[in-house]
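> Here's the letter readout for the chains.
There are 2 protein chains.
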Amino acid sequence: MFKKYLLAPGPTPVPSEALLAMAMPMIHHRAPDFIPVLDAAKNGLKRLFQTQNDVLILCSTGTGGMVASVNNFFNKNDKVLVIDGGKFGERWSKICKAYGLDVKEIKVNWGYSIKPESVEELLKKEGNIKGVFVQATETSTGVNHDIEALGKIVAKYDDTILIVDAISALVAHNIRTDDWGIDIMVGGSQKGLMLPPGLSFVSVSEKAWKKAETSKLEHFYFNLKAERKKLKENQTNFTSAVSLIIGLNEVIKMLEKEGLANVFARHARLAHATREGVKAIGLNMFAKELPSNSVTAIEAPQGVDGQKIYKVLRENYGVTAAGGQDHVKGKIFRIAHLGYADRFDVIIAISALEMTLKTLAYPVNLGAGVAACEQVLL
Amino acid sequence: MFKKYLLAPGPTPVPSEALLAMAMPMIHHRAPDFIPVLDAAKNGLKRLFQTQNDVLILCSTGTGGMVASVNNFFNKNDKVLVIDGGKFGERWSKICKAYGLDVKEIKVNWGYSIKPESVEELLKKEGNIKGVFVQATETSTGVNHDIEALGKIVAKYDDTILIVDAISALVAHNIRTDDWGIDIMVGGSQKGLMLPPGLSFVSVSEKAWKKAETSKLEHFYFNLKAERKKLKENQTNFTSAVSLIIGLNEVIKMLEKEGLANVFARHARLAHATREGVKAIGLNMFAKELPSNSVTAIEAPQGVDGQKIYKVLRENYGVTAAGGQDHVKGKIFRIAHLGYADRFDVIIAISALEMTLKTLAYPVNLGAGVAACEQVLL
Numbered sequence: 000m001f002k003k004y005l006l007a008p009g010p011t012p013v014p015s016e017a018l019l020a021m022a023m024p025m026i027h028h029r030a031p032d033f034i035p036v037l038d039a040a041k042n043g044l045k046r047l048f049q050t051q052n053d054v055l056i057l058c059s060t061g062t063g064g065m066v067a068s069v070n071n072f073f074n075k076n077d078k079v080l081v082i083d084g085g086k087f088g089e090r091w092s093k094i095c096k097a098y099g100l101d102v103k104e105i106k107v108n109w110g111y112s113i114k115p116e117s118v119e120e121l122l123k124k125e126g127n128i129k130g131v132f133v134q135a136t137e138t139s140t141g142v143n144h145d146i147e148a149l150g151k152i153v154a155k156y157d158d159t160i161l162i163v164d165a166i167s168a169l170v171a172h173n174i175r176t177d178d179w180g181i182d183i184m185v186g187g188s189q190k191g192l193m194l195p196p197g198l199s200f201v202s203v204s205e206k207a208w209k210k211a212e213t214s215k216l217e218h219f220y221f222n223l224k225a226e227r228k229k230l231k232e233n234q235t236n237f238t239s240a241v242s243l244i245i246g247l248n249e250v251i252k253m254l255e256k257e258g259l260a261n262v263f264a265r266h267a268r269l270a271h272a273t274r275e276g277v278k279a280i281g282l283n284m285f286a287k288e289l290p291s292n293s294v295t296a297i298e299a300p301q302g303v304d305g306q307k308i309y310k311v312l313r314e315n316y317g318v319t320a321a322g323g324q325d326h327v328k329g330k331i332f333r334i335a336h337l338g339y340a341d342r343f344d345v346i347i348a349i350s351a352l353e354m355t356l357k358t359l360a361y362p363v364n365l366g367a368g369v370a371a372c373e374q375v376l377l
Numbered sequence: 000m001f002k003k004y005l006l007a008p009g010p011t012p013v014p015s016e017a018l019l020a021m022a023m024p025m026i027h028h029r030a031p032d033f034i035p036v037l038d039a040a041k042n043g044l045k046r047l048f049q050t051q052n053d054v055l056i057l058c059s060t061g062t063g064g065m066v067a068s069v070n071n072f073f074n075k076n077d078k079v080l081v082i083d084g085g086k087f088g089e090r091w092s093k094i095c096k097a098y099g100l101d102v103k104e105i106k107v108n109w110g111y112s113i114k115p116e117s118v119e120e121l122l123k124k125e126g127n128i129k130g131v132f133v134q135a136t137e138t139s140t141g142v143n144h145d146i147e148a149l150g151k152i153v154a155k156y157d158d159t160i161l162i163v164d165a166i167s168a169l170v171a172h173n174i175r176t177d178d179w180g181i182d183i184m185v186g187g188s189q190k191g192l193m194l195p196p197g198l199s200f201v202s203v204s205e206k207a208w209k210k211a212e213t214s215k216l217e218h219f220y221f222n223l224k225a226e227r228k229k230l231k232e233n234q235t236n237f238t239s240a241v242s243l244i245i246g247l248n249e250v251i252k253m254l255e256k257e258g259l260a261n262v263f264a265r266h267a268r269l270a271h272a273t274r275e276g277v278k279a280i281g282l283n284m285f286a287k288e289l290p291s292n293s294v295t296a297i298e299a300p301q302g303v304d305g306q307k308i309y310k311v312l313r314e315n316y317g318v319t320a321a322g323g324q325d326h327v328k329g330k331i332f333r334i335a336h337l338g339y340a341d342r343f344d345v346i347i348a349i350s351a352l353e354m355t356l357k358t359l360a361y362p363v364n365l366g367a368g369v370a371a372c373e374q375v376l377l
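Protein chains in written order, with numbering that gives the first Met the number 0: chain A, 0 to 377; chain B, 0 to 377.
These aren't lab readings, by the way, just hints derived from the structure by calculation. Just to be clear, a hint being listed does not mean it is correct.
One copy or any two copies: either way a pair holds, since identical chains are not told apart in the list.
Stated by the list, open to error - Below 16 Å or equal to it, Euclidean Cα-Cα: the simulated EDC-like pairs (lysine to aspartate or glutamate) are:
no., residue 1, residue 2
1, Lys2, Asp32
2, Lys3, Asp32
3, Lys224, Asp53
4, Lys330, Glu298
5, Lys96, Glu217
6, Lys310, Asp32
7, Lys75, Glu217
Sequences and hints are given; from them, build the entire structure.
In structure tokens form, the structure reads like this:
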């Protein structure tokens, strides 16, 4: 008996309720059976996104949603600002450059959060920035950016929209799309929403739709105007990913039964417990500011390879966490507490980490981390 | 008790073996558990595609695979030929035009098949056609195009590639990718492969890869060169649609247990039985040439609305077939015999059609269509 535990920042475990719903017989995406399914999904997504805007449903990974947020709203040579504090900030830059946008970057050291005033300064200095791209949670570092503060700044500019990658932050954090002035927000199925990969979600404000009117970038597959039109008829532009959307309705039901406020609080509590456990073990957090509720990035201790920790966690203890990416590969490892996660997932993570360090001959007080966790979780 | 029967040309019914496999606990797409899964899937796809070429796996609908076949291999103003004999031929044109290609079209009347010699003539006349786009089965009309003949013609041109949308033909027809000289072939999950929508597959020949070297069209999400590189490591470029790929391995197992030759023969037999049943009822086939083994398009009889037949089939008899699209809406309806289909699916379809026509007060000899079906299926 060797049980497996998926504690990576996506895909995350899928609850049986969703798995079983998705195992029901296939229905046709243009037949009337599917109308109420998509109707429920689109309305549920609006509640999760805390928005009155349309939330469009795309058959793609989260990156597809990011691409759609670029190629529907801008034109070649449009000047945009990308806040790049990790692997996914970098992805915004790559996508914008692939479409010929004129990208200004604010590089944020990995492990740190953007200083909103630096964005304000740059917007003032440059004058004609058309869009500000940012992550709510930067998955590669476990750091959040202050979206509320950025929303206030961007709202001052009539021709500038705020585009937020909330793929790994959605439902782990209370992100108030409309109240905070988020023009475009991207989500994905395989993170807090506890589904298999295959769907991305994009909410679009009226301010952003106005920009879409003049956008001439190629967007045949990710055509949000066409999606918006079809969504009014409870359809998607191309074939709907029927099963995943059926699963989506199940997880929306589960999240709303728990209550969104409780869902946010649970993620905050699990993240807090994880950090306390890690500290009690004697390790350092990689996030120096605004740690995420979705994923905790931990520095590998002196002399221990972070990838080795990832490997022993998985091979000896059945825990699939995540390693570090790019220049922090080997230097950090990451444990998620995202989606279908409760207190004992954190206990498992911290216990497995204690045993892993012991296995790697690193001095550790067995049980110290777990005790600190329990203190928080009690 | 009101059982439902999905007899539409995609999505098609998903066998329990695949549904249950996809309901297994989630695994991580970058962890070693997934390596053998993707390895099996990519090798199985090669066998289904009858190719030694890479078959790339994309998280998208079939249309995404079609887009990838355009924006990875061509450049703006490249002259290409689209064979347009229906809704999906038209889609090739729309995609090519969206990317700025110079599109020459051969329009084929709906219900008819391309005359290969007309392609030969046009290639000669134009001189510098870079690609020929065609459907193996045009789903909107139930007509096939002669891919083998087109392959022989295109092979004579060193700088011209043949791009085949086999989304609804794959495994319903014996399509010999390599032997016939198909440079790019697109498949989808929700047709003959009996899976939910969400995956597309693209095979690419060396001749096509050569063209990819000089292609400068935007393709951030559908980047086949990046997919090829990742596939060698048994990964996909972005997050893998883990569940669907697990399901894919199940259906590949099922298809190979049956034997590909038997799978093709079964589709041919079911299509033949459907046509004989329809004729015995006294209705006419919409396909005047090369009828598809995947889907049969049937003309609504004089004075009966085809959409009404679709509606009564579904509402009174629980059979979800398909109506007609665009200018043949109301004039035809379509019955699929694709994927997870056996003889009694055809019997159900023909029996439901007999009862539907009776319900609509159209004169019909009850049982005559079914008898003709049985003659074929015996």
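> Please go over all the hints and tell whether each is borne out by the structure.
Each hint tested on the structure:
Taking the shortest Cα distances, Lys2 and Asp32 sit within 16 Å of each other only across copies (13 Å), while inside one copy they are farther apart (38 Å). For a Cα distance limit of 16 Å, the shortest separation of Lys3 from Asp32 across copies, 11 Å, qualifies, whereas the shortest one inside one copy, 37 Å, does not. Taking identical chains as interchangeable, the C-alpha atoms of Lys224 and Asp53 lie at most 16 Å apart only when both belong to the same chain, with a minimum of 11 Å there against 34 Å between chains. For the homomeric pair Lys330 and Glu298, the shortest alpha-carbon distance inside one copy (6 Å) is at most 16 Å, but the shortest distance between copies (67 Å) is not.
Taking identical chains as interchangeable, the C-alpha atoms of Lys96 and Glu217 lie at most 16 Å apart whether they share a chain (14 Å) or sit on different chains (10 Å). In this homomeric assembly, Lys310 and Asp32 come within 16 Å of each other (Cα to Cα) only across copies, at 12 Å, whereas the closest approach inside a single copy is 46 Å. Proximity of Lys75 and Glu217 under a CA criterion of 16 Å is satisfied in both settings, with 10 Å inside one chain copy and 12 Å between copies.
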